[in-house]
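These protein sequence lines are chains A and B, in that order.
So that you can map any letter, position 155 of the first sequence is 155 in the UniProt record's numbering, and since no number is skipped, the others follow by simple counting.
So that you can map any letter, position 386 of the second sequence is 386 in the UniProt record's numbering, and since no number is skipped, the others follow by simple counting.
Hints are not guaranteed to be accurate.
Below, in silico cross-link-like pairs of lysine to aspartate or glutamate (EDC-like), each with a Cα-Cα straight-line distance of 20 Å or less [stated by the list, open to error]: (1) A:Lys201 - B:Asp80; (2) B:Lys50 - B:Asp88; (3) A:Lys201 - B:Asp282; (4) B:Lys366 - A:Glu39.
One side of the interface only, derived from the structure: several residues of chain B facing chain A at Cβ under 8 Å [to be verified]: (5) His246; (6) Arg261; (7) Gly281; (8) Phe290; (9) Leu327.
Please keep in mind that the hints were generated in silico from the structure rather than gathered at the bench.
C-beta atoms are modelled at their ideal positions from N, C-alpha and C, and glycine is treated no differently.
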Amino acid sequence: MPRVLTIEDDTVTAREIVAELTRRGLAVDWADNGRVGFERARDGDYDAITLDRMLPELDGLVLVTRLREAGVQTPVLMISALSDVDERVRGLRAGGDDYLTKPFSPDEMAARVEVLLRRHARTERDTMLRVADLELDLIGRIARRGGVALELLPTEFRLLEFLVRQVGQVVTRTMIFEAVWGYHFDPGTNVIEVHIGRLRKKIDAPGAAPLIRTVRGSGYVLEAG
Amino acid sequence: MSLKPADLWRTNSSRLLLIFGALFALWCAALIGVIQWNTTRYLSNIVDLKLDNLQRYFTTLDRERLREAIKATEAFDLRDVLSHGVFDRNGKLLMGNLASIPPELPLDGAVHLLTDGVQRTSGYHAQRARGIAVYLTSGELLVLVRDTSVIDAVGAIIWRAMLFGLPLIVVPGLIGALLLSRGPRRRVQAIEAAVQPIMRGDLRRRLPVSGHGDELDLLAGIVNTMLVEIERLMGEVKGVCDNIAHDLRTPLTRLRAQLHRLQLETPADDTRAALIERTIGDADALLDRFRALLRISELEDMHRRAGFAEVDLVATLKHVREIYAPLAEDKQIEFALETPTKVPAVRGDPHLVFEALSNLVDNAIKFTPPQGTVRVHTTLDANGPRIDVIDNGPGIRACDRGAVVQRFYRGGTQPAEHGQGLGLAIVAAIVKLHSFGLEIGEGDGAGAKVSLMCWPPVDKAA
Numbered sequence: 001m002p003r004v005l006t007i008e009d010d011t012v013t014a015r016e017i018v019a020e021l022t023r024r025g026l027a028v029d030w031a032d033n034g035r036v037g038f039e040r041a042r043d044g045d046y047d048a049i050t051l052d053r054m055l056p057e058l059d060g061l062v063l064v065t066r067l068r069e070a071g072v073q074t075p076v077l078m079i080s081a082l083s084d085v086d087e088r089v090r091g092l093r094a095g096g097d098d099y100l101t102k103p104f105s106p107d108e109m110a111a112r113v114e115v116l117l118r119r120h121a122r123t124e125r126d127t128m129l130r131v132a133d134l135e136l137d138l139i140g141r142i143a144r145r146g147g148v149a150l151e152l153l154p155t156e157f158r159l160l161e162f163l164v165r166q167v168g169q170v171v172t173r174t175m176i177f178e179a180v181w182g183y184h185f186d187p188g189t190n191v192i193e194v195h196i197g198r199l200r201k202k203i204d205a206p207g208a209a210p211l212i213r214t215v216r217g218s219g220y221v222l223e224a225g
Numbered sequence: 001m002s003l004k005p006a007d008l009w010r011t012n013s014s015r016l017l018l019i020f021g022a023l024f025a026l027w028c029a030a031l032i033g034v035i036q037w038n039t040t041r042y043l044s045n046i047v048d049l050k051l052d053n054l055q056r057y058f059t060t061l062d063r064e065r066l067r068e069a070i071k072a073t074e075a076f077d078l079r080d081v082l083s084h085g086v087f088d089r090n091g092k093l094l095m096g097n098l099a100s101i102p103p104e105l106p107l108d109g110a111v112h113l114l115t116d117g118v119q120r121t122s123g124y125h126a127q128r129a130r131g132i133a134v135y136l137t138s139g140e141l142l143v144l145v146r147d148t149s150v151i152d153a154v155g156a157i158i159w160r161a162m163l164f165g166l167p168l169i170v171v172p173g174l175i176g177a178l179l180l181s182r183g184p185r186r187r188v189q190a191i192e193a194a195v196q197p198i199m200r201g202d203l204r205r206r207l208p209v210s211g212h213g214d215e216l217d218l219l220a221g222i223v224n225t226m227l228v229e230i231e232r233l234m235g236e237v238k239g240v241c242d243n244i245a246h247d248l249r250t251p252l253t254r255l256r257a258q259l260h261r262l263q264l265e266t267p268a269d270d271t272r273a274a275l276i277e278r279t280i281g282d283a284d285a286l287l288d289r290f291r292a293l294l295r296i297s298e299l300e301d302m303h304r305r306a307g308f309a310e311v312d313l314v315a316t317l318k319h320v321r322e323i324y325a326p327l328a329e330d331k332q333i334e335f336a337l338e339t340p341t342k343v344p345a346v347r348g349d350p351h352l353v354f355e356a357l358s359n360l361v362d363n364a365i366k367f368t369p370p371q372g373t374v375r376v377h378t379t380l381d382a383n384g385p386r387i388d389v390i391d392n393g394p395g396i397r398a399c400d401r402g403a404v405v406q407r408f409y410r411g412g413t414q415p416a417e418h419g420q421g422l423g424l425a426i427v428a429a430i431v432k433l434h435s436f437g438l439e440i441g442e443g444d445g446a447g448a449k450v451s452l453m454c455w456p457p458v459d460k461a462a
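Take the sequences, apply the hints, and build the full model.
Set out below in structure tokens:
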């Protein structure tokens with residue numbers, strides 16, 4: 001079972017983070033200040049860390065910097081109540097792997113942790129991804145479903161690859177926008193919906209089981225079937 | 001900005017120097033005039049006295065001695081300034097060198113100015129003169145005239161001195177005004193340059209102070225003190241807003257998380273499940289709006305430029321097309337990107353420039369009806385690249401164009417479901433952060449044209 005360390009000083013927020021991650025089958029430890037959080041993160045063998053940006057005793061930014069200096073490469077999701085324009089840049093430069101601004105929805109937080117866990121688990125570079133009868137050749141950038149090659153545009157391939165990598169996990173439209181296009185703002189519902197719609201038309205042959213499901217209010221999930 | 005001579009003359013120091021120079025020249029002219037007038041009057045008095053003395057002497061003499069005295073006077077009049085004559089009752093010359101009684105001379109025994117000169121026996125003597133006519137006891141008329149050539153010469157010398165002296169006052173005055181005005185003008189230009197970023201919202205800037213302690217320094221000092229105070233007050237207001245925002249973030253996170261838990265713990269067939277879902281939807285809308293408002297607030301804070309780099313506009317626009325062209329296609333809207341192959345890079349935050357352009361294109365697609373067109377047209381202005389997002393939708397009324405960039409503003413014709421009314425406010429904040437310009441005008445037909453000008457806007461009031 002993957003282990004996650006939550007470093008958060010607000011008890012209610014921490015409780016909800018722990019509850020959501022536990023519900024998703026993760027083992028979660030909680031530290032309520034920066035100093036204890038740093039010691040546990042350094043000494044414990046965690047697969048991911050959720051780190052509040054502003055913490056008593058040791059600031060979140062300093063904490064992640066020290067972790068990286070100490071050679072700890074555990075992926076860190078920074079959660080901040082501070083502004084997000086420059087703070088995101090600072091947080092990622094300091095060594096954070098992802099950045100989430102308060103207020104956030106638990107779905108999105110958990111989805112981001114799961115993305116980090118999967119990324120961390122990939123020890124060697126994949127060349128082929130498979131979900132049900134869908135195959136993605138990452139070298140040749142070719143997608144096939146049921147052995148039939150799909151005609152995908154480069155963006156559509158990237159979008160499908162991202163969904164396949166997070167198979168079974170809900171991903172929000174902001175996460176898709178960040179991962180596929182590399183921009184960090186909410187593009188609104190329509191844009192991602194349209195791109196997902198076009199992808200669906202290409203990958204779901206008439207009569208075939210739909211691969212991508214819309215999760216109302218949360219995002220999308222590619223299901224293994 | 002270069003120093004134009006026409007501008008130099010408009011400076012206060014030039015004006016003061018010119019006024020002072022003109023007054024000084026006037027005063028000099030008046031002074032010389034008074035000297036000239038007094039000198040002339042003094043010399044005229046001497047001439048008058050001499051004439052009077054001479055006539056008093058001549059009137060005491062009998063005819064023979066008078067003839068001798070006149071001859072003797074003639075002999076001593078080496079400069080030929082004296083004219084004289086004795087006339088009988090009929091005006092006939094009896095002795096002397098005057099051919100006739102000067103017509104303009106009153107015969108009253110007083111000295112008068114003869115501006116037309118006199119007629120001598122030897123010819124017309126045109127020189128201005130002073131003359132006296134007095135009756136002798138014999139009933140004959142004695143006329144004595146002395147020309148004023150010396151007096152006029154002295155007057156002419158004084159006027160010439162003034163004519164030559166005035167340019168000596170005026171020309172150095174003008175040159176001095178020109179030179180003296182350059183310094184203050186340069187300082188005003190430096191102040192003008194320093195004011196531009198302040199006008200664009202960068203309240204950390206201050207006006208330059210030369211240290212001379214003059215009026216400009218005094219004014220700059222006053223303005224700088226005001227700026228310190230304004231910056232402090234703005235900082236306090238912003239600090240309060242930041243604290244409110246910060247203090248709201250955690251409770252909103254808790255609210256959302258607990259609603260999520262409530263949803264998870266409520267069976268799907270429970271009658272309250274739908275209510276919870278609606279509440280979560282409302283909470284998410286609230287959070288989106290809250291985040292957008294905070295984002296605008298952060299963008300409006302001019303300090304935040306950590307992500308600034310060179311932005312490739314062509315690549316950014318292609319990216320925008322890649323993302324938004326399918327959206328346009330789904331609405332059967334023709335989407336065209338018209339851009340030169342090479343556009344100079346601009347300094348900015350690539351993500352924010354993309355966000356601004358995305359918002360503009362998203363808006364254009366949103367408000368353009370099916371079968372319409374949206375064009376993104378890039379041109380290279382002398383100042384830098386200009387990107388026009390043009391549509392043939394309903395457009396933005398001229399009276400609304402200033403207001404659409406304000407938070408929560410939606411045009412009266414737009415249905416409520418079209419976003420939060422924050423898209424253009426975010427664009428405006430990004431534009432301001434980059435010191436770019438934003439212009440809203442008419443697009444194709446009745447449509448809208450929103451232009452992003454990648455260079456600092458020129459203040460229309462300047």
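Okay, the hints, checked on the actual structure:
1. A:Lys201 - B:Asp80: violated (128 Å)
2. B:Lys50 - B:Asp88: Status violated; Cα separation ~24 Å.
3. A:Lys201 - B:Asp282: Roughly 31 Å separates the two Cα atoms, so the pair is violated.
4. B:Lys366 - A:Glu39: violated (51 Å)
5. His246: Cβ of B:His246 sits 5 Å from chain A, so the hint holds.
6. Arg261: Nearest chain A Cβ about 6 Å off; hint holds.
7. Gly281: holds (6 Å)
8. Phe290: Given a least distance of 7 Å, the restraint on B:Phe290 holds.
9. Leu327: holds (5 Å)
In terms of the numbered hints stated before, the structure departs from hints 1, 2, 3, 4, listed from lowest to highest.
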